[in-house]
Amino acid sequence: MELIEKIQLGQIRAIAKAITLIENNTEEKEKLIDALHPFTGNAYVIGVTGPPGAGKSTIVDRFIQFERDRGKKIAVIAVDPSSPFSGGAILGDRLRMQTHATDRGVFIRSMASRGHLGGISTGTSGAIKVFDAAGFDTIILETIGVGQTEVEVIEMADLILLTLVPGMGDEIQAMKAGIMEIADLFLVNKSDLDGADRLKSEIEYMLMLGSGMNEEAIPPIKMASAKNNTGTEELYISIFERLNLFKESGLLANRRKIRIQKEIEHIFASKLKEILYTRLNMKENINLWIERVYNREIRPYTFVNEKMMELKKENVL
Amino acid sequence: MDKKIRIVIAKPGLDGHDRGAKYIARALKDAGYEVIYTGIRQTPESIVATAIQEDVDFVGLSLLSGAHNELFPRVVNLLKEQEAGDIIVFGGGVIPEEDLGFLEKRGIQAIFRPGAPISDVISFIKSKTGSTAA
Chain A
239 MELIEKIQLG QIRAIAKAIT LIENNTEEKE KLIDALHPFT GNAYVIGVTG PPGAGKSTIV
299 DRFIQFERDR GKKIAVIAVD PSSPFSGGAI LGDRLRMQTH ATDRGVFIRS MASRGHLGGI
359 STGTSGAIKV FDAAGFDTII LETIGVGQTE VEVIEMADLI LLTLVPGMGD EIQAMKAGIM
419 EIADLFLVNK SDLDGADRLK SEIEYMLMLG SGMNEEAIPP IKMASAKNNT GTEELYISIF
479 ERLNLFKESG LLANRRKIRI QKEIEHIFAS KLKEILYTRL NMKENINLWI ERVYNREIRP
539 YTFVNEKMME LKKENVL
Chain B
759 MDKKIRIVIA KPGLDGHDRG AKYIARALKD AGYEVIYTGI RQTPESIVAT AIQEDVDFVG
819 LSLLSGAHNE LFPRVVNLLK EQEAGDIIVF GGGVIPEEDL GFLEKRGIQA IFRPGAPISD
879 VISFIKSKTG STAA
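Chains A and B are the protein sequences, given in the same order.
Going by our numbering, the first residue of the first sequence is number 239, and it counts up by one from there.
Going by our numbering, the first residue of the second sequence is number 759, and it counts up by one from there.
Chain A extracted, bound-state conformation (with noise of 0.2 angstroms):
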């Protein structure tokens, strides 16, 4: 495929076709994928997630310097979400890291979560692979805004930094699970601002009541400013010498061989429904067993299972 050939000389019109190909679920998309899985493999994948306004734009602007200062090739996909309503969005993570636009060894991507709802979206992995074949070292992935339970940002990246704010109070406490306990790295951003010490023995002291942790394996808390651009290079060398460590120990070939895992179950769920949408004729048909469940005239758990019996019959299961 003349594509792929396009890709791994890092054109970027090709770069750019071939996430879009991704991203509208097209029919070239699973052969693109698997034509690019051979040159995969090489880039570091850091999420950078959080909540709304913690700075996460600014201080991968931050991190994209760096990068550069130290000639590596670095992506960014920064996701947005879409509207529920329109199905519309307006992507501006980008507005930030805009000093960057022109630099060819810097690619800014936005995606918009189109339904998607664990704050990425359906074509990131896909994007992650192009990037990856393309040569860039290093990709980012900045989540959407999250809350507390926006973690599939696990299943893509191989470090994850969550970005705090001062000025969550208790907030914290409510975190606990989900979103607190998927960061290998925290962030406390705009350190400059009370509050700061506090989130950070906070983090600390939820951190250690999660302990049966020997001390090596808890998160280190990092304080910076993006704005200002104080603390962020310690941070910036902090995420590679973490990564270093989890490739020392294993874990990053571990984590690579859960993504992996997913997407293997991913794509065989995704092809059986298709199978069974289509022998089932889920769209002409769905109406009516709507109305026959809500009239009260069949029981769902029941009404399944005798079709998945049909099915069965007639071998295609």
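None of these hints come from the bench; they were simulated from the model.
Among the clues, some could well be false.
[To be verified] Calculated lysine to any residue pairs in the SDA-like style (CA-CA distance at most 25 angstroms, straight line):
(1) B:Lys780 with B:Thr887
(2) A:Lys255 with B:Lys838
(3) B:Lys761 with A:Ile505
(4) A:Lys255 with B:Gln867
(5) B:Lys761 with A:Arg306
(6) B:Lys838 with A:Gly248
(7) A:Lys311 with B:Asp813
(8) A:Lys244 with B:Glu841
(9) B:Lys762 with A:Gly356
(10) B:Lys762 with A:Ser321
(11) B:Lys762 with A:Glu265
(12) A:Lys255 with B:Arg777
(13) B:Lys761 with A:Tyr515
(14) B:Lys761 with A:Ile250
(15) A:Lys255 with B:Ala842
(16) A:Lys244 with B:Ala842
(17) A:Lys509 with B:Lys762
(18) A:Lys465 with B:Ile798
(19) B:Lys886 with A:Arg251
(20) B:Lys884 with B:Gly843
(21) A:Lys255 with B:Ser885
(22) B:Lys780 with A:Pro322
(23) B:Lys762 with A:Glu266
(24) A:Lys255 with B:Gly790
(25) B:Lys761 with B:Ile845
(26) A:Lys511 with A:Ile498
(27) A:Lys255 with B:Asp813
(28) A:Lys485 with A:Asp375
(29) A:Lys485 with A:Phe304
(30) A:Lys267 with A:Leu241
(31) B:Lys761 with A:Phe506
(32) B:Lys761 with A:Ala273
(33) A:Lys311 with B:Thr801
(34) B:Lys762 with A:Pro319
(35) A:Lys255 with B:Lys761
(36) A:Lys255 with B:Ala789
(37) A:Lys255 with B:Gly888
(38) A:Lys244 with A:Arg306
(39) B:Lys884 with A:Phe323
Everything numeric in this text was worked out from a predicted model, so none of it was measured.
Starting from the known structure of chain A, fit chain B onto it as the hints suggest.
Frame of chain A, contents of chain B only:
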């Protein structure tokens, strides 16, 4: 296949009046389009790089400084130079009527002047995409 129309809304030049650009960005979002918003004071080079990386179908330029006759055609030319001449460029802002012909000749496919209803912009986009879906 779940094709979405993607549009960059950008402000070239030096004026910082972005209310119009933000208004249109929001209206296009409400019409179901994915809008990439770049903010103010963008060079034609950065707008074109953005359009290509984001693989958009349209670039909408908003400008109130009076430099439209230089900056709008520059965006069109840069797109062509980078083999992205298929991306459709339109513009808006305080643009005198006598400039419309010139801009059209230079490849800006539509200009929306003050007071133009948002429905005009949406009809234009629809006419170019040949579909009613966003």
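Distance restraint between Lys255 of chain A and Asp813 of chain B, which requires alpha-carbon spacing of 25 angstroms or less: holds, 6 angstroms
Lys255 of chain A paired with Ala789 of chain B [C-alpha distance capped at 25 angstroms]: holds, 24 angstroms
Restraint status (C-alpha distance of Lys255 of chain A to Gln867 of chain B at most 25 angstroms): holds, 23 angstroms
Satisfaction of hint between Gly843 of chain B and Lys884 of chain B, Cα-Cα up to 25 angstroms: The hint holds at about 19 angstroms.
Satisfaction of hint between Pro322 of chain A and Lys780 of chain B, Cα-Cα up to 25 angstroms: holds, 20 angstroms
Hint consistency between Lys509 of chain A and Lys762 of chain B [alpha-carbon to alpha-carbon, up to 25 angstroms]: holds, 23 angstroms
Lys255 of chain A paired with Ala842 of chain B [C-alpha distance capped at 25 angstroms]: Holds, at roughly 11 angstroms.
Straight-line alpha-carbon gap Lys761 of chain B to Phe506 of chain A, limit 25 angstroms: Measuring from Cα to Cα gives roughly 24 angstroms; hence the hint holds.
Distance restraint between Lys762 of chain B and Glu266 of chain A, which requires alpha-carbon spacing of 25 angstroms or less: holds, 16 angstroms
Distance restraint between Lys485 of chain A and Asp375 of chain A, which requires alpha-carbon spacing of 25 angstroms or less: Given pair Lys485 of chain A, Asp375 of chain A holds - Cα atoms ~15 angstroms apart, limit 25 angstroms.
Pairwise hint evaluation, Ile250 of chain A against Lys761 of chain B, where the allowed Cα distance is 25 angstroms at most: holds, 20 angstroms
Straight-line alpha-carbon gap Lys761 of chain B to Arg306 of chain A, limit 25 angstroms: violated, 34 angstroms
Of the numbered hints given earlier, the model fails hints 5 and 12; all others are met.
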